[in-house]
Amino acid sequence: KQEVTQIPAALSVPEGENLVLNCSFTDSAIYNLQWFRQDPGKGLTSLLLIQSSQREQTSGRLNASLDKSSGRSTLYIAASQPGDSATYLCAVSGDYKLSFGAGTTVTVRA
Amino acid sequence: SQTIHQWPATLVQPVGSPLSLECTVEGTSNPNLYWYRQAAGRGLQLLFYSVGIGQISSEVPQNLSASRPQDRQFILSSKKLLLSDSGFYLCAWSVGSIDYEQYFGPGTRLTVT
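Residue numbers (this note's numbering), protein chains in the order written: chain A, 1083 to 1192; chain B, 164 to 276.
This list has only true hints and no planted wrong ones.
Computed list of lysine to any residue pairs in SDA-like fashion (alpha-carbon distance at most 25 angstroms, straight line):
| id | chain 1 | residue 1 | chain 2 | residue 2 |
| --- | --- | --- | --- | --- |
| 1 | A | K1150 | B | S257 |
| 2 | A | K1083 | B | G259 |
| 3 | A | K1083 | B | E222 |
| 4 | A | K1083 | B | V223 |
| 5 | A | K1083 | B | G206 |
| 6 | A | K1124 | B | T187 |
| 7 | A | K1124 | B | L245 |
| 8 | A | K1124 | B | I238 |
| 9 | A | K1179 | B | I238 |
Derived by calculation from the structure, the hints in this document are not laboratory data.
Whenever a hint applies, use it, and build me the whole structure from the sequences.
So, in C-alpha cells, the structure goes:
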C-alpha cells in the first residue's frame, strides 16, 4: 500500500522568503506525481504534474522536483506572497488511483 | 474548456437519513470520474472511481454507493447516513489513462448530526 508523507505539517514564513515543501512516498512504482493547492473550504487546484520519467517541472514561481528512486518530491515556491497561504497537497498516481499526503499548511506573513 | 460542478455546496443531514450528491462534468467526453472524502484532520481518501457508464469501482467498504447514469454524471448515495460520514466530498475527473492528471470540483461539505 502506498504511503505518502508531507513534512512539515505547517509552515509560517515572512513575505519574500522561499518556501520548500517536502513529500515522500513508499512505493516508487508511480506513474506521476501531482502537487495541489487547497484554500480553506475549497476544492483542489492542480499546480504541477510531474511524469515518472521527468526530474522536475516548473510553472512561474513554482518548481517541483521528483526523485522516484528515493521516493521524494520537493515543491519550491520562490519569493512567497501572502496569497500563497494555503494547504499544499502532494499525490502520487499508481494502481489506478491517487494516494494523497495529509498536506502542508503554509502561512505567509505580510 | 472543461468545468466540473458539484451540488449541493453544503448539506446538514440527520443520522439515518438518505444522501445524494451529484457531480457533472462539462466540455469533455468519456471522462474517468472519482469521488473522494476529506475528513477533518485527515488526507483525501478515494471512495469510488468510474471509467465508463455503469462501471463503478469501490475502494473502501462502507455504507456509501456510487452510480454513473450518464457519461458525465456521477452520483454518491447513501440509504442511511452515519455520524462518521461527515466530511468534505470532492468529485474529480481525468481523461485518457486513469493515472493521468486529475481535476477537482468545488466540493460538498456534509455534516451529519
